[in-house]
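A.B. asks: Chain order of the listed sequences is B and A.
Here the numbering used here is used: the first sequence runs in plain steps of one and ends on residue 739.
Here the numbering used here is used: the second sequence runs in plain steps of one and ends on residue 913.
Think of the hints as simulated: they come from the structure by calculation, not from any bench.
Don't take each hint at face value.
[Stated by the list, open to error] In silico DSSO-like pairs for lysine-lysine, Cα to Cα no more than 30 angstroms straight-line: (1) B:Lys499 to A:Lys850; (2) B:Lys704 to A:Lys674; (3) B:Lys438 to A:Lys702; (4) A:Lys842 to B:Lys704; (5) A:Lys808 to B:Lys426; (6) A:Lys842 to B:Lys438; (7) A:Lys877 to B:Lys630; (8) B:Lys630 to A:Lys908; (9) B:Lys422 to A:Lys908; (10) A:Lys674 to B:Lys732; (11) A:Lys842 to B:Lys734; (12) B:Lys422 to A:Lys808; (13) A:Lys877 to B:Lys734; (14) B:Lys694 to A:Lys911.
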Amino acid sequence: MGAIWAVAQTEKGEPKAVSFETIAGAQKLAAALGASLEAVVLGAGVGGAAEKVAARRVDRVRVIDDPKLDPYAPDAYAAALHQAVEAEKPDYVLFPHTYQVRDWVPRLAATLDAGFISDVVDLRADGGEPVFVRQPYQGKLNADCAFTGTGPRLVSFQAGAFLSDDAAKGDSAAEIVAQGVDLSAVEVRTEVLETFQEVENKVDLSRADVIVAVGRGIGKQENLGIVEELAAALGGQLAASRPVCDNEWLPMDRQIGSSGQTVAPRLYMAIGISGAIQHLVGMKNSGTIVAINKDANAPIFSVADYGIVGDLFEIVPALTAKVKETRGT
Amino acid sequence: MKIVVCIKQVPERDARLRIAADGKSVDTAGVATEINESDQYALEAGLRLAEKVGGEVAVLLLGPDAAEEAIRRALAMGAARAIHLNDAAFQGGDATSTAKALAAAARQESPDLVLTGLQSDDAGWSQTGVIVAELLGWPSATLIMEIEQPEGGRIKVKRELEAGWFQWITLPLPAVLTIQSGIYPVRYATLKGIMGAKKKEMKKMGPADVGVDGGLVGTAGRKVELKRLYVPEKTAAAEILPGDAATAAASLVERLQKQAKVL
Chain B
411 MGAIWAVAQT EKGEPKAVSF ETIAGAQKLA AALGASLEAV VLGAGVGGAA EKVAARRVDR
471 VRVIDDPKLD PYAPDAYAAA LHQAVEAEKP DYVLFPHTYQ VRDWVPRLAA TLDAGFISDV
531 VDLRADGGEP VFVRQPYQGK LNADCAFTGT GPRLVSFQAG AFLSDDAAKG DSAAEIVAQG
591 VDLSAVEVRT EVLETFQEVE NKVDLSRADV IVAVGRGIGK QENLGIVEEL AAALGGQLAA
651 SRPVCDNEWL PMDRQIGSSG QTVAPRLYMA IGISGAIQHL VGMKNSGTIV AINKDANAPI
711 FSVADYGIVG DLFEIVPALT AKVKETRGT
Chain A
651 MKIVVCIKQV PERDARLRIA ADGKSVDTAG VATEINESDQ YALEAGLRLA EKVGGEVAVL
711 LLGPDAAEEA IRRALAMGAA RAIHLNDAAF QGGDATSTAK ALAAAARQES PDLVLTGLQS
771 DDAGWSQTGV IVAELLGWPS ATLIMEIEQP EGGRIKVKRE LEAGWFQWIT LPLPAVLTIQ
831 SGIYPVRYAT LKGIMGAKKK EMKKMGPADV GVDGGLVGTA GRKVELKRLY VPEKTAAAEI
891 LPGDAATAAA SLVERLQKQA KVL
């Protein structure tokens with residue numbers, strides 16, 4: 411059979427940490443299928459990144475180094491890996507499910523006419539056809555997916571699906587080979603004007619001891635008062651999940667999650683937040699987590715220590731009253 | 651400017667989902683639906699751009715008869731007309747075979763811009779818009795947070811990167827943009843809009859109408875098969891505190907004080 415490729419994402423010449431998670435997932439798949447494992451590093455001036463990747467237990471590292479791959483552009487990335495896949499015919503090509511991967515790998519899937527199972531959280535390959543587990547419906551359900559037909563198979567792993575520490579180190583550094591591509595005919599149509607960070611967060615939630623976060627379940631901006639009162643009674647900071655900030659009910663600098671701040675307070679209360687993965691990655695390392703939600707099946711309850719299932723408009727005022735009584739405020 | 655916005659009908663966020671008898675799909679009977687959230691933002695972005703520079707927004711939806719509800723809502727919000735890819739051959743697709751149908755329909759329209767949401771709230775592949783771009787031979791940009799008026803055949807957009815970083819890029823038209831939730835506040839349909847929507851064109855089309863081989867779309871064209879859909883086993887489940895609001899609140903405060911020692 412063909413090889414399994416794990417494609418590393420680099421940034422400023424360094425492999426991103428999620429690349430090692432992909433290698434850990436690839437090691438699991440390669441072991442189950444008895445296939446060889448090759449890492450692929452693409453970019454411009456990525457020799458140093460390739461050496462770091464080669465320290466992991468992989469059979470080979472293929473480096474696609476071309477000035478056209480910096481800055482990142484979907485046209486050039488898709489063309490480069492397309493050429494490499496056509497030349498070497500790997501069976502599986504695995505990626506981290508990053509924003510960058512979402513931007514160019516579907517294009518690669520289309521040019522290769524390949525199946526692409528994206529945002530995978532686990533895989534099983536206990537004999538026969540490997541099964542890739544996804545979490546559709548906002549993480550409410552699990553789906554076992556498999557490829558049909560022939561051709562290269564593309565997979566992306568959700569951040570945290572495998573741990574980068576689990577990407578076993580090799581006894582000696584893997585062989586590094588240059589994978590030649592010819593990008594001279596590739597027209598890069600996107601032009602980067604400026605890459606920047608938005609103004610520094612005015613509210614630094616990462617220092618808060620207690621955070622009361624509110625989600626879509628609050629319904630409308632006028633309802634925020636009850637949550638503000640609870641936060642005040644606890645001496646905590648008010649925060650929110652993305653939909654609340656998207657609706658401009660609270661400013662963006664209050665947002666927790668993959669596109670907002672990452673926090674780990676002693677106490678985190680999630681009020682009317684269902685717990686999509688984008689939110690969970692921003693708060694799951696909190697000390698004690700409390701979830702209040704009307705849906706008993708909401709994913710937030712799987713990371714919470716304590717939960718109350720019911721109407722937040724009854725529970726939150728009752729909780730505020732009890733906290734005030736207990737703390738004598 | 652001619653803009654096509656791809657929208658999808660999905661179960662409402664809070665909907666209780668039951669697995670259908672086939673063990674591979676969700677039982678849609680009695681489940682309330684809505685336009686996929688980021689597609690609502692894509693539609694808002696398209697309407698704003700058309701209002702600013704002049705032009706028309708058509709919505710493109712692949713789905714069964716029941717998805718007409720989502721189309722009517724989009725028309726009530728301000729889309730001029732709708733293309734409904736509604737045929738048994740289109741059903742059951744993965745991102746690839748769905749994109750083939752959407753791209754075929756979009757090609758017939760010869761728009762300047764195709765907008766989609768960044769991903770669907772049900773399947774969540776986050777692939778379809780970009781595959782549509784490649785099939786059309788057009789450039790694309792994803793996770794768009796701002797769109798400026800086109801100038802000299804190019805459009806300037808702000809992309810969201812990870813960890814609080816953003817990027818301004820330009821790309822030539824025609825192009826596909828996938829829109830991030832939150833780009834602009836989504837308008838409500840007015841009563842006038844709802845009444846007006848009834849008179850707008852809703853074209854139902856099958857594979858032959860859009861010039862695509864029925865074997866490339868839907869179940870027949872998919873490269874990924876869903877083997878089993880199921881409710882995940884809970885790992886570290888929370889202790890659920892029972893009783894009415896006051897009782898549950900009191901048990902929680904006691905636990906936060908005495909067990910967790912955080913109060």
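A.B. asks: Give a verdict on every hint.
C.D. replies: Quick rundown of the hints versus the structure:
no., hint, result
1, B:Lys499 to A:Lys850, "violated, 50 angstroms"
2, B:Lys704 to A:Lys674, "holds, 26 angstroms"
3, B:Lys438 to A:Lys702, "violated, 52 angstroms"
4, A:Lys842 to B:Lys704, "violated, 34 angstroms"
5, A:Lys808 to B:Lys426, "holds, 23 angstroms"
6, A:Lys842 to B:Lys438, "violated, 58 angstroms"
7, A:Lys877 to B:Lys630, "violated, 39 angstroms"
8, B:Lys630 to A:Lys908, "violated, 34 angstroms"
9, B:Lys422 to A:Lys908, "violated, 48 angstroms"
10, A:Lys674 to B:Lys732, "violated, 45 angstroms"
11, A:Lys842 to B:Lys734, "violated, 48 angstroms"
12, B:Lys422 to A:Lys808, "holds, 21 angstroms"
13, A:Lys877 to B:Lys734, "violated, 52 angstroms"
14, B:Lys694 to A:Lys911, "holds, 19 angstroms"
Comparing the model with each earlier hint shows violations of hints 1, 3, 4, 6, 7, 8, 9, 10, 11, 13; every other hint is respected.
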